[in-house]
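There are 2 protein chains.
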Amino acid sequence: MPLNILFAARPERWETYERPLRDALDKAGFGDANLAQEINPRDVDYIVYAPNSPLQDFTPYTRTKAVLNLWAGVEAIVGNDTLTMPLARMVDPGLTKGMVEWVTGHVMRYHLGIDTDILRSAPEWMPRTPPLAQERQVVVLGLGALGATVAQTLAGLGFQVTGWSRSAKKVDGIDCLHGAAGLKESLSRAEIAVLLLPDTPATHNTLNAETLAQMPKGAFIINPGRGPLIDDNALLAALDSGQIAHATLDVFRVEPLPADDPYWTHPKVTVTPHIAAETRASTASEVIVENIRRGEADEPFINLVDRALGY
Amino acid sequence: MPLNILFAARPERWETYERPLRDALDKAGFGDANLAQEINPRDVDYIVYAPNSPLQDFTPYTRTKAVLNLWAGVEAIVGNDTLTMPLARMVDPGLTKGMVEWVTGHVMRYHLGIDTDILRSAPEWMPRTPPLAQERQVVVLGLGALGATVAQTLAGLGFQVTGWSRSAKKVDGIDCLHGAAGLKESLSRAEIAVLLLPDTPATHNTLNAETLAQMPKGAFIINPGRGPLIDDNALLAALDSGQIAHATLDVFRVEPLPADDPYWTHPKVTVTPHIAAETRASTASEVIVENIRRGEADEPFINLVDRALGY
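Residue numbers (the numbering used here), protein chains in the order written: chain U, -15 to 295; chain V, -15 to 295.
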């Protein structure tokens, strides 16, 4: 019997994903699968899912083998008690590459002081010699799939990279620290800090008044991770005092960032509209179909979410 | 007899270089060398040299074994007929690293469209998805020590990199083209062009009205090489027509760039004050002393200038 694959995401996603998903299904030998936006719940084999979909009650999906998330973040769905089947998060090689490129661009921008040149408003010939990357300490908070790749790419460009995670991890070429003492040590080195922690109760306000004060004076912060990682009032105060020189923020507690949010107009903040990690439909579709192939072959799913940890 | 090493550069350079040079001499076993800013010309064994030094007549330096340039560029001295001894240009690993970092920063900036975020003046949440580096063509004109390393670093970040040089060259991982036909083909691919050609009569106005028109519409130009590589009026016209979207220029025909130069205020130009490739005194001193060691050991000098080619 052909597979029934429910696409449960907003209609504009369907336009983006229908073709790439069908291509990937064809390529994997599931050309006869029924991929649709509406299927009788009790007949659904797999759900391709976005957490902002209207589908929030998974109870009637009695034979569904897995929920395959289109996004990396699962915090909006991981606490849903009706979701009892395996849940896979998206680890899209295109998304990872896009994230690595976005972080690399902003790290280089701070490292070289490029804003000075972009914002210069009058002729002024003032040469300056920035340190080399090998003299610059960058800290990556979070060593998941994204954080580890970001850390290794920055190390490849010559930066002194420290990685931090809640529990001990090893990443080739990176000085990895963990736990509370490791966080303090990491932050004390962070001329540039990149936030790539997941959004869990334990990571909320990782950067707060106390931890911001542990960073070197004049440090830079780049947050492509999750909005709640930062205590916003503490960051604004640290920017105003000069403790933090500048911040580039891609994610926020409320998105789109409200027009009256002080971040928009703060001279030491660059706001980007949640663009650091866009899933690319072609590469993401291949990942989703790979999990369908595994499900049908009774092989273990990849990128499964650990419900206890929340990511 | 101890070596006599003349330091012939502006006085402020002496302050920067005296200590690192003495350290490097010590380390190489020449701790007793006489390093000074004034030495009787006929006693000088080596000249550490900057082309803007008052020393322009090398005739009296009859026993000098080599002139060791502090800079990468030798165009101001290579035509000097009195300079008959071997001339080495600076290939400073610190300079190369700094150049690679500067170019990487500006390529990533254009690739990601970072200026949009830096210059945004009002709240506006407008997500965009730039292509991945693997979908972006970058062309490096010039495959010398700097160009080859820049090309390989950009390829390592995933970009599709084409390299071009006057005569055929091979660089691992880079699609290398050469000659007039190769230039046209290279430019036709150049969504982002990086200029790292030497300054010779043959490279003047490499980018002119004709060649700028061969680039894809909306291309970006990054010039950390030499000012005369670009026909400035042609570039200004191409920026105004939209053929070229934006240019970042680090070098100019006249430096410092005069205050009334249109580049300073052009909305599609970023001026940087010749900072892409700063020699770092510590690493450069080691290179200079390595050539002194080679001269004393009768080994061939490194980084010798080919007088016929001019670089």
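Please keep in mind that the hints were generated in silico from the structure rather than gathered at the bench.
Any given hint could turn out to be false.
Copies of the same chain look alike in the list, so a pair counts if it fits in one copy or across any two.
Derived lysine-lysine pairs resembling DSSO-like cross-links, with alpha carbons at most 30 Å apart [to be verified]:
hint, residue 1, residue 2
1, Lys11, Lys201
2, Lys49, Lys252
3, Lys154, Lys201
4, Lys49, Lys154
5, Lys154, Lys252
6, Lys153, Lys11
7, Lys252, Lys153
8, Lys49, Lys201
9, Lys11, Lys154
10, Lys168, Lys49
11, Lys168, Lys11
12, Lys11, Lys252
13, Lys81, Lys252
Given the structure is predicted, the values throughout are model-derived calculations rather than measurements.
key: Contradicted hints - numbers only   = Hints 1, 2, 4, 5, 6, 7, 8, 9, 10, 11, 12 contradicted; others consistent.
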